[in-house]
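Here the structure of chain A is known, so what remains is to put chain B in place on it, guided by the hints.
Chains as they are written, first to last, in our numbering: chain A, 5 to 429; chain B, 5 to 429.
It should be emphasised that the hints constitute simulated quantities derived from the structure, not laboratory data.
Check the hints yourself; a few may be wrong.
What the hints assert, rightly or not - Derived DSS-like pairs (lysine-lysine); straight-line CA-CA distance at most 30 Å:
{"#": "1", "chain 1": "A", "residue 1": "LYS151", "chain 2": "A", "residue 2": "LYS45"}
{"#": "2", "chain 1": "A", "residue 1": "LYS156", "chain 2": "B", "residue 2": "LYS17"}
{"#": "3", "chain 1": "B", "residue 1": "LYS250", "chain 2": "A", "residue 2": "LYS45"}
{"#": "4", "chain 1": "A", "residue 1": "LYS17", "chain 2": "B", "residue 2": "LYS6"}
{"#": "5", "chain 1": "A", "residue 1": "LYS46", "chain 2": "B", "residue 2": "LYS290"}
{"#": "6", "chain 1": "B", "residue 1": "LYS50", "chain 2": "A", "residue 2": "LYS17"}
{"#": "7", "chain 1": "A", "residue 1": "LYS342", "chain 2": "B", "residue 2": "LYS90"}
{"#": "8", "chain 1": "B", "residue 1": "LYS17", "chain 2": "A", "residue 2": "LYS183"}
{"#": "9", "chain 1": "B", "residue 1": "LYS250", "chain 2": "A", "residue 2": "LYS398"}
{"#": "10", "chain 1": "A", "residue 1": "LYS6", "chain 2": "B", "residue 2": "LYS151"}
{"#": "11", "chain 1": "B", "residue 1": "LYS342", "chain 2": "A", "residue 2": "LYS398"}
{"#": "12", "chain 1": "A", "residue 1": "LYS6", "chain 2": "B", "residue 2": "LYS45"}
{"#": "13", "chain 1": "B", "residue 1": "LYS93", "chain 2": "A", "residue 2": "LYS101"}
{"#": "14", "chain 1": "B", "residue 1": "LYS250", "chain 2": "A", "residue 2": "LYS50"}
{"#": "15", "chain 1": "B", "residue 1": "LYS93", "chain 2": "A", "residue 2": "LYS398"}
{"#": "16", "chain 1": "B", "residue 1": "LYS398", "chain 2": "A", "residue 2": "LYS90"}
{"#": "17", "chain 1": "A", "residue 1": "LYS183", "chain 2": "B", "residue 2": "LYS290"}
{"#": "18", "chain 1": "B", "residue 1": "LYS53", "chain 2": "A", "residue 2": "LYS93"}
{"#": "19", "chain 1": "B", "residue 1": "LYS101", "chain 2": "A", "residue 2": "LYS101"}
{"#": "20", "chain 1": "B", "residue 1": "LYS17", "chain 2": "A", "residue 2": "LYS222"}
{"#": "21", "chain 1": "B", "residue 1": "LYS6", "chain 2": "A", "residue 2": "LYS45"}
{"#": "22", "chain 1": "A", "residue 1": "LYS222", "chain 2": "B", "residue 2": "LYS222"}
{"#": "23", "chain 1": "A", "residue 1": "LYS46", "chain 2": "B", "residue 2": "LYS90"}
{"#": "24", "chain 1": "B", "residue 1": "LYS151", "chain 2": "A", "residue 2": "LYS17"}
{"#": "25", "chain 1": "B", "residue 1": "LYS290", "chain 2": "A", "residue 2": "LYS398"}
{"#": "26", "chain 1": "A", "residue 1": "LYS101", "chain 2": "A", "residue 2": "LYS17"}
{"#": "27", "chain 1": "B", "residue 1": "LYS166", "chain 2": "A", "residue 2": "LYS17"}
{"#": "28", "chain 1": "B", "residue 1": "LYS290", "chain 2": "A", "residue 2": "LYS151"}
{"#": "29", "chain 1": "B", "residue 1": "LYS398", "chain 2": "A", "residue 2": "LYS53"}
2 protein chains.
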Amino acid sequence: MKVLTGTTEDISKILYQEQLELSKENLDVDDAVRQILEDVKKNGDKALKAYSEKFDKIALDDFEVSQDLIDQAFEEIDPEVLEALKNAKVNIESYHKQQLESGFEDQPTDGVIRGQLIRPIERAGVYVPGGTAAYPSSVLMNVIPAKIAGVKEIIMITPPQKHFEPAILVAASLAGVDKIFQVGGAQGVAALAYGTETIPRVDKITGPGNIFVATAKKMVYGLVGIDMIAGPSEIGVIADSSANPKYVAADLLSQAEHDVRARAILVTDSAELAEAVEVEIEEQLKRLPRENIARPSIENNGRIIIADSVDAMFDLMNQVAPEHLELAMDNAYDYLDKVQNAGSVFLGHFTSEPIGDYYAGANHVLPTTSTSRFSSALGVHDFVKRIQYMQYSKAAVNAASHDITTLAYAEGLQAHAKAIEVRHD
Amino acid sequence: MKVLTGTTEDISKILYQEQLELSKENLDVDDAVRQILEDVKKNGDKALKAYSEKFDKIALDDFEVSQDLIDQAFEEIDPEVLEALKNAKVNIESYHKQQLESGFEDQPTDGVIRGQLIRPIERAGVYVPGGTAAYPSSVLMNVIPAKIAGVKEIIMITPPQKHFEPAILVAASLAGVDKIFQVGGAQGVAALAYGTETIPRVDKITGPGNIFVATAKKMVYGLVGIDMIAGPSEIGVIADSSANPKYVAADLLSQAEHDVRARAILVTDSAELAEAVEVEIEEQLKRLPRENIARPSIENNGRIIIADSVDAMFDLMNQVAPEHLELAMDNAYDYLDKVQNAGSVFLGHFTSEPIGDYYAGANHVLPTTSTSRFSSALGVHDFVKRIQYMQYSKAAVNAASHDITTLAYAEGLQAHAKAIEVRHD
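The following block holds chain A by itself, in its conformation from the complex (with noise of 0.2 Å):
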């Protein structure tokens, strides 16, 4: 792992440069995707068929995924696997659930009613990516805040397989997808954008998938809504004196597995646990299956930074805004209050990253690369829209009169003051 050491100030620097970095645009791939969006916008599911057949090699009649295709997958399942995602959806439910908001209505004067609804989505896409990266957790994870949100009808697509995992079907029935497609890449983004014949267009899509997907649906991004931009996955760890060595190191290596673009950032004011941490790793890394992914991925993004005191380690980290922040510090819990900037924490010794991706109940869609600074896990909130409303009798118009054509000529919106005039005695 990198070590950056000097003072807050030059690490920052280097922090923003490496941020920078990650945030550029991919031009080359930007065309591909237009042309993969203009086709499918026009075509609709004669393009997804030939856009099948070339990238995924498999010549579909139907994209819809058939219930028996479903109940062939429970049938399949390890019962193990299936009890698991049964209870974790127990856990991602009760915690979501705490999310729901209700609208408000006050009367702030004679006449004057104003409030807010919140009103679910109508309809919801959820992408789900192929191959090994088919991830039934994140099915529950993308699906059931928008269950409870109340969205009408979820609509999930993943590219074709000759077979599909079993786990995948299994949990997108758990969690209440009413019909799932197999289209992926940039051209599902786009059926689930524009609709097609048989896929119908949605009002949101959520869900990861690689640069062709991320990319369509940044440029579908107003026509539909998205979720985020989701970057290379990444922990951040703050661990003093107390941590054990053992734990941090096996814990940034579960982030590192990912991708080999994924980030583990150690930041510690020990520099004897930094040694130790560096040692375990590579003793861990020996025995790991995915060693070809971590070890690139924590030979060139891991990051080690040595901080001169409690303040300066959570200055530093609160810079990285972190996907994943674990405390790995003694009475860690008394120590949020230093956080503003993290998708997820996770607090104390005990509580390693991956009870918060499979099972904990908090979503593990986060925000990536610094993202966290202004915006947050997917959540119930996602899945719903905030209506304003206001009704002012004619008298409470009388009397508001004055100050809002006052404003309206003030501005040279005329007929927005004539609006109210014509409403006069």
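Same frame as chain A, now just chain B:
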């Protein structure tokens, strides 16, 4: 106005085609904006000064608007405008305070704590357009929610002027802006996103602007948060035979005067009302100072849709998903349940849209071009992040261990399983 009749399905298709047109990209602008962003990222203040001379024809020594200029604005402002701004501020504050969320925490089983913190974003940037599009009311609407959310520093930028409209500076001061810099366009957005020697980079950028500003916001999205990509302003009016055609016409025109691209859409089940509104529009247009804007807007983008039932009126209008929605009906409040998509709803014959634009307290920064299907008015929620947290005791990890490792192995993520197993006794 163009009159649309036919089945709900036919009209739906036309509305969707119009929506597609509105969401099209403009690739020429893209290239120009990309160059400006790169220039400001690399050259900072020097680039900003060059663009100010080039685009604004003003040579600046210092970007910051001094306290002297702000004090002077308070002396210059029309006292009635000042009074109206103060009254509007009171209403905006009392409405938005109702949006403040609190976090939650539960202990679902022994040794497990889960929760969600609400944290304000740290630094927000507000873009305020220059010239005739500089609206003091928009300053209040963008800044007050950020202030209520608890944002620590609010930076406002606005294009350089020989003499600033006093109401703009006064509104900024009343609302609690911390610093004002005179820099506009794509270069202004770049300054907020990347920071320069004098302008600090922010975590989120809000506020309306022209196509260059909007494109720049879209491009820096990811590195910073943005509010939304605002399209042309629009009003939808659902009116039945109880509506007053004078009022309906005045309200449609109040939207049309904003911009030749603004959209005014009437849906009614009364052919008689439709005709009366058309006559009134012509009558009022003639006397409108901004007729040169409002007339092409009404002629090109005005729509009258004749629906054959109350439900059909709401179905079609929910598909339009207008930024502003007026229900010009008796007992309008009782129809709120039928509204699925709208930014802000104005109930009854007297609640003219300008009441909401200026005064009632609900926000006037609203989702345009059908995006109210999945997004909402600007509010306090746009200036906070939700941070999840969890803590498992050693015993709680052991109890959950089997389920977690089962799922990790099923997904082929062995390091995730190891991070749990390393904590076993």
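These are the hints, each one checked on the structure:
A distance of roughly 28 Å separates the Cα atoms of LYS151(A) and LYS45(A); the hinted pair therefore holds under the 30 Å criterion. Using a Cα cut-off of 30 Å, the hinted pair LYS156(A) and LYS17(B) holds, with the two alpha carbons roughly 22 Å apart. For the suggested pair LYS250(B) and LYS45(A), the alpha carbons sit about 41 Å apart, so the restraint of at most 30 Å is broken. For the proposed pair LYS17(A) and LYS6(B), the alpha carbon gap of about 56 Å is over 30 Å, so the pair is violated.
Taking the CA atoms of LYS46(A) and LYS290(B), the gap is about 42 Å. The hint is violated against a cut of 30 Å. As the CA atoms of LYS50(B) and LYS17(A) are separated by approximately 20 Å, the hinted pair is consistent with the 30 Å bound. The hinted pair formed by LYS342(A) and LYS90(B) fails the criterion: a straight-line CA distance of about 36 Å is larger than 30 Å. The straight-line distance between the Cα atoms of LYS17(B) and LYS183(A) is roughly 23 Å, inside the 30 Å bound, and the hint therefore holds.
Among the hinted pairs, LYS250(B) with LYS398(A) is consistent with the structure: their alpha-carbon atoms are about 15 Å apart, no more than 30 Å. At most 30 Å may separate the alpha-carbon atoms for a hinted pair to count; LYS6(A) and LYS151(B) exceed this at roughly 39 Å. For the suggested pair LYS342(B) and LYS398(A), the alpha carbons sit about 24 Å apart, so the restraint of at most 30 Å is met. The suggested pairing of LYS6(A) with LYS45(B) holds, with an alpha-carbon distance near 26 Å, which does not exceed 30 Å.
Straight-line distance between C-alpha atoms of LYS93(B) and LYS101(A) comes to about 34 Å, which puts the hinted pair past the 30 Å bound. A distance of roughly 50 Å separates the Cα atoms of LYS250(B) and LYS50(A); the hinted pair therefore is violated under the 30 Å criterion. At most 30 Å may separate the alpha-carbon atoms for a hinted pair to count; LYS93(B) and LYS398(A) meet this at roughly 22 Å. Only pairs whose Cα atoms come within 30 Å are accepted, and LYS398(B) paired with LYS90(A) is accepted, the gap being roughly 23 Å.
Proposed proximity of LYS183(A) and LYS290(B) is contradicted: the alpha carbons are some 54 Å apart, above 30 Å. Proximity of LYS53(B) to LYS93(A) is assessed by CA-CA distance (about 56 Å); at most 30 Å being required, the pair is judged violated. Taken as a hint, the LYS101(B) and LYS101(A) pair is honoured in the structure, with Cα atoms around 23 Å apart against an allowance of 30 Å. This hinted pair checks out: LYS17(B) and LYS222(A) have alpha carbons roughly 25 Å apart, not beyond 30 Å.
Taken as a hint, the LYS6(B) and LYS45(A) pair is honoured in the structure, with Cα atoms around 26 Å apart against an allowance of 30 Å. Among the hinted pairs, LYS222(A) with LYS222(B) is consistent with the structure: their alpha-carbon atoms are about 9 Å apart, no more than 30 Å. As the CA atoms of LYS46(A) and LYS90(B) are separated by approximately 52 Å, the hinted pair breaks the 30 Å bound. At most 30 Å may separate the alpha-carbon atoms for a hinted pair to count; LYS151(B) and LYS17(A) meet this at roughly 28 Å.
For the hint pairing LYS290(B) with LYS398(A), the CA-to-CA distance comes to about 27 Å; that is within 30 Å, so the pair holds. Straight-line distance between C-alpha atoms of LYS101(A) and LYS17(A) comes to about 40 Å, which puts the hinted pair past the 30 Å bound. At most 30 Å may separate the alpha-carbon atoms for a hinted pair to count; LYS166(B) and LYS17(A) exceed this at roughly 36 Å. In summary, the hint linking LYS290(B) to LYS151(A) is not supported, as the alpha carbons are separated by about 51 Å, beyond the 30 Å threshold.
With a CA separation close to 51 Å, the supplied pair LYS398(B) and LYS53(A) exceeds the 30 Å bound.
In summary, the structure is inconsistent with hints 3, 4, 5, 7, 10, 13, 14, 17, 18, 23, 26, 27, 28 and 29 from the numbered list given earlier, while agreeing with the others.
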